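Please model the entire structure based on the sequences and the hints provided.
The sequence shown: position 355 = 355 (our numbering), numbered continuously.
Just so you know, these hints were derived from the structure itself, not from any lab. Careful: at least some of the hints might be erroneous.
Stated by the list, open to error - As a list, the in silico DSSO-like pairs of lysine-lysine whose alpha-carbon atoms are at most 27 Å apart: (1) K35 to K360; (2) K156 to K75; (3) K125 to K75.
Predicted model, so just to flag it, every value in this text is computed and none were measured.
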Amino acid sequence: MTNILGTVLFCILGLTTFVSLYQWGHAILAILFQKKPQVRIGTRLTRFLILIPAHNEEDGLSETLQSLSALRYPKNITQIVVIADRCSDATATVARSGGARCLERSEGPGGKGAAMSWAMQELRKDGIEFDALVIIDADCIADPGLLEAFDDALAKGHEVQQGYNYLSNPWETPFTRVIAVTSVLRNFLFYGGKEPIGCSAMLSGTGMCLSRSVVDRHGWSAFSVAEDWEFSVSLLLNNVRIHFNAWARVFARESKGLKQASRQRLRWATGRYAVTTQGARKLFLKGFSGGRIDLIDGGITLTIPNYSTQASLTIVSLIGGWFVVVDPGWDFLLPWAIGVFASLGGYFLLGAMYTQSPLKTLAGIPYIAVFLPWRLTIEVLGLLGFGRKGWGRTFRDSAARRHSTRT
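Quick look at the structure:
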């Protein structure tokens, strides 16, 4: 029995050690190579089309539109279109009142991906002219410099970009404080670390920018629950790199607690595992056969467990290590587990340091004892396929004022 437990713990620690080193490598690169791009001088000419998929989003949409009206970008070359997808509320009315064009969809396959694909086809029929497409969720607040940042990167040849997604309410509850740190870990320290080595970020569903040529060549071909990751895999396999733009920022209203967030997180987890099953295999095969480090990195990004799962697995290893420490053959597992735990803890603290207010963030640490079991349960249910339903609205309050991160 001890040998079985020891073998399982050895495998878990091997995985978490690799992932921890992988993340720390990214974090070091992100910190060493971070720099704010120079402000471009001259007339802005790129015509942006901002697309906002919305399903019963009357509460938060008006604040999203207000933030877009405050963008530091010429209004005459910026168009805003809201997709009111099978809405039973006043989303369409709010959209038009806020100065946006609204496309109403009442039939066809469900899901955010299907809604965006339909809208792109409708806009193409109308002959709408644009140079780049930006996709923002209906519950997000846009930074005033969002389009300027996207435009600067487009000028450098980055046809697909993922912006920095953060929270508009990071200090509201202990739950949002934990999520604030994991947002920094994912965006700045992880995706930001891919830029110096020429690897790709993954699309995150909001704060995305696609050049017109990419839209014409690929449209929107992802229709699963995790349409952003599915489309990311498709782009990578077609040799289109996804540039992480740390200065193109959007701020989403996060759920206040576990009950509000459970449905959304379960849907995401289920979709991610579904995409990983096929997507990672294709990326690894093409990456190894063609010597493509970027594709191999994409496969790793798809398959590694998220930070919360890593922490839970490491805690399990710590507990298991106490049971086998008396066996001379497995006594090395406990100090190994302690080392991995310290590494993950240090990584979390590093993320906290790069939030707007590290002290406020650290005040949420006791909540981790509740957060981790909840998150692990979500991951297990997602792995088993629960939550494979269509696009639904996550309950939140209306969007709050924007908060920024220090990077």
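Verification of the hints:
| no. | hint | verdict |
| --- | --- | --- |
| 1 | K35 to K360 | holds (26 Å) |
| 2 | K156 to K75 | holds (23 Å) |
| 3 | K125 to K75 | holds (23 Å) |
Hint compliance for this structure: no hint is broken.
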